[in-house]
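Participant: Sequence:
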Amino acid sequence: MGNLEALVVIATVITLGCSDGRSSSEHESMPTVLAIYPTGSRPRSIAIVDLDGDGRRDVVVACSGDDTVQLLMGADDGSLRPHPQPIPAGNEPSDIESVDVDRDGDADLVVANHETSKITVLINDGHANFRAAAGSPYESGARPHIHGLATGDFDGDGWSDVAVESADTGEIRVFSGGAEGFSAASAVAVGTMPYSRLGAADVTGDSRVEILVPGHGNNSVLVVADGRKVLTHFTTSLSAQPWMVVGEDVNGDHRGDAVVVVTNGVTVLLGGPNGFTPAPGSPFVVTSATEVATGDLDGDGIADIVVGPWEGSEVTILHGRTFSRRTVRTCARPIGLVVSDLNGDRRAELIVACETENRLIAVTNP
Numbered sequence: 001m002g003n004l005e006a007l008v009v010i011a012t013v014i015t016l017g018c019s020d021g022r023s024s025s026e027h028e029s030m031p032t033v034l035a036i037y038p039t040g041s042r043p044r045s046i047a048i049v050d051l052d053g054d055g056r057r058d059v060v061v062a063c064s065g066d067d068t069v070q071l072l073m074g075a076d077d078g079s080l081r082p083h084p085q086p087i088p089a090g091n092e093p094s095d096i097e098s099v100d101v102d103r104d105g106d107a108d109l110v111v112a113n114h115e116t117s118k119i120t121v122l123i124n125d126g127h128a129n130f131r132a133a134a135g136s137p138y139e140s141g142a143r144p145h146i147h148g149l150a151t152g153d154f155d156g157d158g159w160s161d162v163a164v165e166s167a168d169t170g171e172i173r174v175f176s177g178g179a180e181g182f183s184a185a186s187a188v189a190v191g192t193m194p195y196s197r198l199g200a201a202d203v204t205g206d207s208r209v210e211i212l213v214p215g216h217g218n219n220s221v222l223v224v225a226d227g228r229k230v231l232t233h234f235t236t237s238l239s240a241q242p243w244m245v246v247g248e249d250v251n252g253d254h255r256g257d258a259v260v261v262v263t264n265g266v267t268v269l270l271g272g273p274n275g276f277t278p279a280p281g282s283p284f285v286v287t288s289a290t291e292v293a294t295g296d297l298d299g300d301g302i303a304d305i306v307v308g309p310w311e312g313s314e315v316t317i318l319h320g321r322t323f324s325r326r327t328v329r330t331c332a333r334p335i336g337l338v339v340s341d342l343n344g345d346r347r348a349e350l351i352v353a354c355e356t357e358n359r360l361i362a363v364t365n366p
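First residue of the sequence shown? That's 1 in the numbering used here, and the numbers climb one at a time after it.
No lab work stands behind these hints, which were simulated from the structure alone.
Keep in mind the model is a prediction, meaning the values are calculated, not measured.
Any given hint might turn out to be false.
Derived CB-CB ranges, DEER-like [to be verified]: (1) Ala134 x Ser239: 43 to 53 Å; (2) His127 x Ser237: 19 to 29 Å; (3) Asp100 x Ser237: 12 to 22 Å; (4) Arg347 x Ala184: 42 to 52 Å; (5) Ala179 x Asp253: 31 to 41 Å; (6) Asp50 x Gly158: 15 to 25 Å; (7) Arg255 x Asp50: 18 to 28 Å; (8) Gly301 x Gly205: 16 to 26 Å; (9) Asp168 x Asp100: 27 to 37 Å.
Yeah, the Cβ is synthetic: ideal placement off N, Cα and C, and Gly gets one too.
Kindly generate the complete structure, drawing on both the sequences and the hints.
Facilitator: Structure (structure tokens):
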């Protein structure tokens, strides 16, 4: 992978004309420090978690071009140290989540294997050493293949579950976790073609995580409760085809919302007891929008929204609650995104996987 030492450069925040009523002075550019880390081939998805129990946040990158995940271990100053050995992760890992699969107190990894109908499960020994779980990779029965996954305790039994989309059958497939590992995937009909990446959040306020489904076939978002039942009163029509959903509280009301990547834009749906309400100004135009991540970039306690395009080198930031916007120049095709506080200053960094450049960029105070 070449030189594994991080390169530090200075970049500039590029502002974007808005219609949110703010003055031009509120959009002035500011310097941003970037740390650049080489990765494996075609980095796609990122997870942030303490893998070795040292209290520092580590970075896991799914490298779809070489069928591995790469670990970058966190240091006290927020920098990252590449782990010497990539981990085999099945065919074309396209999405990755960190959950405690076996409830032993450390972070395991679940990987969606694109161009297959399988997920790979990697068990952590507590020191960032991983082995494939018994039975991994798990067959979902999805058709024709899967793109992403959602994780959470969907059925309330205390074990983490995993959901994937099955576009050709109009279903999602749900693996239920348990003491013996994951059960065979069960099918949940959603009445449309789900495509391509599911989300998870408590949008109903019942303290249980629901599955958020992009209804690509009929321009909708659906909510599946208990891992098996579509909540029809939460089904919401969209102005364009959805591609991905992320669940997060983006208006500060302590209830999960749905952030949806649609064709050339992002729709923000605010959760409430009786269904979703579109956020003011939603949908937001973002040309060739492909990826979305959420997290508190400005330290105000409310999650912000970051959108990466398939074409171009800028990510769009929508600030939580107000949804005012600006852009940050990062790298070509910034479609792997995550927001997390790496250095402990209570302001999250933006971590970007640059798919065409085989590198990771950490943007401080974007």
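Participant: Taking the Cβ atom of alanine 134 and the Cβ atom of serine 239, is their distance within the range 43 to 53 Å?
Facilitator: holds (45 Å)
Participant: Is the distance from the Cβ of arginine 347 to the Cβ of alanine 184 consistent with 42 to 52 Å?
Facilitator: holds (43 Å)
Participant: Between alanine 179 and aspartate 253, does the beta-carbon spacing fit 31 to 41 Å?
Facilitator: holds (36 Å)
Participant: With respect to the beta-carbon atoms only, verify the hint that aspartate 100 and serine 237 lie 12 to 22 Å apart.
Facilitator: violated (37 Å)
Participant: Can the suggested window of 16 to 26 Å be confirmed for the beta-carbon pair glycine 301 and glycine 205?
Facilitator: holds (19 Å)
Participant: Taking 27 to 37 Å as the hint, is the beta-carbon distance of aspartate 168 and aspartate 100 inside that range?
Facilitator: holds (32 Å)
Participant: Do aspartate 50 and glycine 158 keep their Cβ atoms within the hinted range of 15 to 25 Å?
Facilitator: holds (21 Å)
Participant: If I claimed the Cβ atoms of histidine 127 and serine 237 lie 19 to 29 Å apart, would that claim hold in this structure?
Facilitator: Hint violated: Cβ distance 48 Å, outside 19 to 29 Å.
Participant: Honestly, do arginine 255 and aspartate 50 meet the 18 to 28 Å range at C-beta?
Facilitator: holds (27 Å)
In terms of the numbered hints stated before, the structure departs from hints 2 and 3, listed from lowest to highest.
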